[in-house]
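Trainee: Required output: the full structure, derived from the provided sequences and hints.
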Amino acid sequence: MKTNGANLLRILLERQGIDTIAGIPGGAILPFYDALHRSRIRHILTRHEQGAGFIAQGMARVTGRAAVALATSGPGATNLITAIADARLDSVPLVAITGQVPQALIGTDAFQEVDAYGLTLPITKHNFLVRSAAELMDVVPQAFAIAESGRPGPVAIDVPKDVQNATIEFEASDLPEPGRREGIAACADAAIDELASLLARAERPVLYLGGGVIAAGAADLARELAHRACAPVVSTLMALGAVPPEDPLFMGMLGMHGTKGTNQLLEEADLLFAIGARFDDRATGKVAEFCPRATIAHVDIDRAEIGKIKRPFLGLVGDAADVLRRLLARLEPAPRPAWCARAAHLRAAHPLRHPPCVEDPLHPVNVCRFLGESLAPDAIVTTDVGQHQMWMAQAYPVRRPRTFLTSGGLGTMGFGLPAAIGASLAAPGRRVVCVSGDGSILMNIQELATLAELDLPVAVVLFNNDHLGLVRQQQELFYNRRFEASRFHAAPDFAALARAFGIRGVRIDPLAGDPLGDLAAALAAPGPCLIDVPIHEGLNVLPMVPPGAANHQTIVETSTREVAHA
Amino acid sequence: MPEIRASRDVPTASRLTVLELRVRNHPGAMSHITGLFARRAFNLEAILCVPDPGDAGATSTMLLGVADEPRLEQVERQLEKLHDVLAVRQRPDLPADYFMGLLRPAPSVAG
Ligand SMILES: Cc1ncc(C[n+]2csc(CCOP(=O)(O)OP(=O)(O)O)c2C)c(N)n1
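Chains as they are written, first to last, in the numbering used here: chain P, 1 to 566; chain U, 1001 to 1111.
Note that these hints are calculated values from the structure, not bench results. Remember, it's a predicted structure, so these values are computed and weren't measured experimentally. Treat the hints with caution; some may be incorrect.
[What the hints assert, rightly or not] For lysine-lysine, the following DSS-like pairs were computed, each having C-alpha atoms within a straight-line distance of at most 25 Å:
(1) Lys286(P) x Lys308(P)
(2) Lys260(P) x Lys286(P)
(3) Lys1081(U) x Lys310(P)
(4) Lys260(P) x Lys1081(U)
(5) Lys310(P) x Lys260(P)
(6) Lys310(P) x Lys286(P)
[What the hints assert, rightly or not] Output of the computed footprint for chain P on chain U, the stretches with three or more beta carbons under 8 Å from beta carbons of chain P:
(7) 1039 to 1048
(8) 1071 to 1081
[Claimed, not checked] Interface residues of chain P toward chain U, partial, derived using beta-carbon atoms under 7 Å:
(9) Leu45
(10) His126
(11) Arg303
(12) Lys308
(13) Pro312
Even for Gly, the Cβ is constructed at its ideal location relative to N, Cα and C.
Mentor: Now the structure itself:
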C-alpha cells in the first residue's frame, strides 16, 4: 500500500486500539488531521492544548492504558507541556503527539518552531523526533510500550510536517505489532521469604501504600495483606481508593494533611512496609524524623526509587501485585490485637474537626462527606488543587481504585475539569464530579465549551471561597497573616458563566432551608452542570504539618475564624 | 565582598569515578544523559563517546567522569532508566586522571 506518513501514523494508532484522541489542529499537524478524517478514531476538539493533555490523562487514569493528546508545533506544543509534566510526576501513561515544522526548517527559527524535543526531554519517560515516515513503524509501538511498561509515564513524539507528508510504500505484513506493556523480571524468592519473616517478626507493622499499588492493580492484594498481618494501612494521596475508608484497618492519608492519629501511628510503628510509594516530602514531612522506630521494607517497580529518600532495610524491585501474591502465599495470619486496638484508638481519638452538619451544612468537610453519601460508589471524582483537594482527600470516602483523580505530584491547578471530561469519555454512563476551587476552575474554564459540545454527565462542584484558599492559609499560618495576592476582588457569577457556555448553572443559597438537599437535587439532574457552593472564606485545612517540619509537629487548631465558624 | 563560591566543593581528580555507558547511537541520546546530570545539579567532569565497532554505528560507548559522592548510586539508577542507555557500570580499573591523559596539546603552529 502506498500512503503518506500521516496516514501511517493514523493506522498505527488504530492498531494500538486508540479510539479517542484529544487535541487542537494547526499548520504543522494538519496532514495528520487530514488522515484522521478517514479514521474511526474520535477526535475531541478542546479549547486549549492543556485541556487536551488533561483529557487524555483523565482517560488514562481511569483505564490504566495510554491515551493520546495531539497538538501543533510551537504554541501547541508548549501548551501541552504542563499536562505532560503532570503525567510524569504522577506516573500516568500518556502519548503526546506534536507536529513540527518541516525538517529543512528545523533550526531556522521558522514560524511556530519550538524545540519540542528539547522541551519535553526532562518531563517525559522518553521522547522522539521522527526523522522519516518509515521510522514511525518503530517509534509508535515503542512509545506505547514505554508509556505503559514498568512505572508508567508520558512519551512525546514530535513529527515534522514533511515526515507526515512523505510517501511511504509498505505491505500490510510490514506493519509492526502494537506496543504493549512489558512485564518486569520477578524478584527472587529469597527476597520474598525475607519480607515474610520481617512481617512475621514485626510487632507494630504499618502498610504505606502509594499510587503504584493502584497502577499495579494490587489494591485487593494489599488489603488482604493488611488483614492477614493485622497491619494498619496509611495511604498517599495517589493511593486513595486502594483500601475503602470503611475498612477498620484504614488510617487514611499520611503526612502533611493526615490526621494526628495517623501520623502518631507511624511514630510508633516498628515496621514500615512501603508499596509503590516514593517517600514524597508531602507524605514524610522532615525525612530524618519519619517513622523513627521503624525498619523499612520497600517494594517498587522503579529501582531508582529504592533508597532514593530513605534507605530501606529490605528493598525489592518488582511488580506490586506479583510481590504481594507471592508474599501472601507464604504468610500465616498474625493476630496483633493490641496493635490493631491502638490503631483503632488513634483513629477514634483524632477525627477531623468540623462543625456538625446541622449547624454548618456547607462546611467543606460536610460537603465532602455529603458527596460521599450521595454519589454512587462507582462515581468518579476529580479535583483541582488547593484546600478543596485536601478536604476531599481527607473527608470524601474513596471506595474504589481509579475513582479519585487528582494532580498529586505536580499539583496543577486546572487539572480537574478536563480530567473529568476525559474520565467521562473513558467511563460512559458513570457520574463524574469535578470538585474545584474558584481559583483553579478559571485555569481551564474554556473546557466548559468542550463539555457542552460533548454533553457528558460531568458536574463541577465549585468550592467558592473568593480566595486562592491554600495560599491564604499558608499566609495566615506562616507569613504572619500578611495576605498578599490571595484574595479575588472581582469574581464571575459562575452559574451564569456556565449557562453562557450552554451548561446548567446552579448557585447554592447558603441561607436556604436545606442547601445540601439543593446540592443533591442539582447533582441528580442529568447532563453537565456547574454548581457554585459558597464556602466560608477563612477556613483552614487541618491538621497541617508546616512545610519542612516533622509530621509529629502537626498543627491541629488555628484561627479564631475557625472557632467562629465552628 | 566575600568571594562567591559554588556551594558544593569542586571535586579533585582523586574523587572522580569513571562510569561506562552503552548507549543507542542517535541524536538526542547525549542530551538525555547530560540533561539528567544537569537536572540533578550533579557535576559531569568529563565525557568521552566512541561508536562501537561492529554494529554499524547502532551503539556507542560513553565514558563519564563524575564526582564520587553519595548521590552517585541514585544517578546511576536514573541513567539505567533512560531508554537510550543500554548498560551502566563503573570502571574502577581506570585511573582518576584517565581523561587528562587523553588531552594532547595542539601542535603549535609554525612561527
Ligand atoms: C498552575 C498552578 N499555579 C499556582 C499554584 C499554587 N497554588 C496552589 S493552591 C493555590 C490556590 C488554589 O485556589 P482555589 O483553586 O480557589 O482552591 P482553594 O485552595 O481555595 O480551595 C495556588 C495558587 C498551583 N498549584 N498550580
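Trainee: Could you run down the list of hints and mark each one as holding or not?
Mentor: Against the structure, the hints:
1. Lys286(P) x Lys308(P): Holds - the C-alpha atoms of lysine 308(P) and lysine 286(P) are around 15 Å apart, at most 25 Å.
2. Lys260(P) x Lys286(P): Between lysine 260(P) and lysine 286(P) the Cα gap is close to 15 Å, so the pair holds against 25 Å.
3. Lys1081(U) x Lys310(P): holds, 20 Å
4. Lys260(P) x Lys1081(U): violated, 37 Å
5. Lys310(P) x Lys260(P): It holds: about 22 Å lies between the C-alpha atoms, which stays within 25 Å.
6. Lys310(P) x Lys286(P): holds, 11 Å
7. 1039 to 1048: violated (count 1)
8. 1071 to 1081: holds (count 6)
9. Leu45: Hint on leucine 45(P): violated, closest Cβ of chain U at ~31 Å, above 7 Å.
10. His126: holds, 4 Å
11. Arg303: holds, 5 Å
12. Lys308: holds, 6 Å
13. Pro312: violated, 14 Å
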